[in-house]
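Please construct the entire structure, taking both the sequences and the accompanying hints into account.
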Amino acid sequence: MEEDLEWLSCDSRVIEPPSGLLKFRVGSNLSGRYELTGLRIGVYDFLELFRNHVKLPFTLKAIVYPRVIPWIIEALRLLGGELAGLGETPGKRKGHGLEYLWSRDYQPQDPFKFIDWKATARLQKFMTKDFLEEVYGSVKIIYDVRAHGPISRDECATYFLSTLISSLQSGLSPSIVLKDGDKLILDLEDTNPADMLKIALSYILESHIAKEWDFYELFEPKSARKLLKVLREFRLSALEEVVKLRLDETLRRLRAVLKEPKTHVIYIGCILMDSAFVKELASMVIESGGKLSIMTPMKPWLDFKDLEEAYLAYHSHRKLLKGLEKIGAEIR
1 MEEDLEWLSC DSRVIEPPSG LLKFRVGSNL SGRYELTGLR IGVYDFLELF
51 RNHVKLPFTL KAIVYPRVIP WIIEALRLLG GELAGLGETP GKRKGHGLEY
101 LWSRDYQPQD PFKFIDWKAT ARLQKFMTKD FLEEVYGSVK IIYDVRAHGP
151 ISRDECATYF LSTLISSLQS GLSPSIVLKD GDKLILDLED TNPADMLKIA
201 LSYILESHIA KEWDFYELFE PKSARKLLKV LREFRLSALE EVVKLRLDET
251 LRRLRAVLKE PKTHVIYIGC ILMDSAFVKE LASMVIESGG KLSIMTPMKP
301 WLDFKDLEEA YLAYHSHRKL LKGLEKIGAE IR
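Take our numbering: the final residue in the sequence shown is number 332, and no numbers are missing along the way.
Since the hints were made in silico from the structure, they are not lab data. We treat Cβ as the ideally placed atom computed from N, Cα and C, and that holds for glycine. Treat each hint with caution, since some may be false.
When the alpha-carbon atoms are kept at most 30 Å apart in a straight line, the in silico DSS-like pairs for lysine-lysine are as follows [what the hints assert, rightly or not]: (1) Lys299 / Lys61; (2) Lys113 / Lys262; (3) Lys279 / Lys183; (4) Lys305 / Lys211; (5) Lys211 / Lys125; (6) Lys322 / Lys125; (7) Lys23 / Lys61; (8) Lys61 / Lys125; (9) Lys322 / Lys262; (10) Lys211 / Lys61; (11) Lys129 / Lys326; (12) Lys305 / Lys279.
With beta-carbon atoms standing in for the labels, derived distance ranges [what the hints assert, rightly or not]: (13) Leu56 / Phe112: 39 to 47 Å; (14) His53 / Ser316: 40 to 48 Å; (15) Ile41 / Met298: 34 to 42 Å.
In structure tokens form, the structure reads like this:
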């Protein structure tokens, strides 16, 4: 077989008689629609002295769905009636205790023994459990929407929506900040859990789904109609205005939040694009006695087409992660 496609691989590129079976594996880090309209093969004689090329009439179509899709479906399930009472009980801090806190996307550094098999089966992706340690005051989720490319953008959107949903399911009352560098997109505090989830969901739908996908292609008709209703309801009121703020003004707002005891800040984004803010945030949170968790794509270089740029991104990312861990941030 002579095809060389990123989304398609073959268990064996050479088939020797009497075998005549080709096994293909379809998959990609990048969501989208893929199609193969013909298969080129090389035919050799027994001694490999003669060679001929033929193209078999072979058609293969595949759709690789965005990672965030299972969490959009989970958000719809919660909005269907299970959000009542959520966000009203005292929060607790993630640690190494025995009481279950929430389930989230599995990361390579997570112990395999904490896999949540029920959530994994329901969402069709590996999920891991977090456990409780101690009571803490408030949760602040900060999501920088910039990304190196479509792969890291999909990962960060998944981290954001899964973190918000897990927080609400755990009885926490999070506040959320969406920013684009030094531009503040959204700042929600003391918001009804259902409205908060709808606003966050509408942003994900608008920025990650609506521009590239048909809703009825990704979701069954009833769910698609509900999602379009959420998008229409919150698009104008919450998503059109972008308030420009300087970086120090954004940090000043956060300092007010950090005056509360034992604040847990969860940062989501591509840290290479936001290194100055993240380092300042880490120092500020740790010095105030709070906790900072960072959820960032662990392989941001996958979005770089240039090999040299990918190599530099790899080393810069590792160096920045080590620096943040040294300050006291938790990398997830």
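### Query
Any of the earlier hints contradicted here, and which numbers?
none
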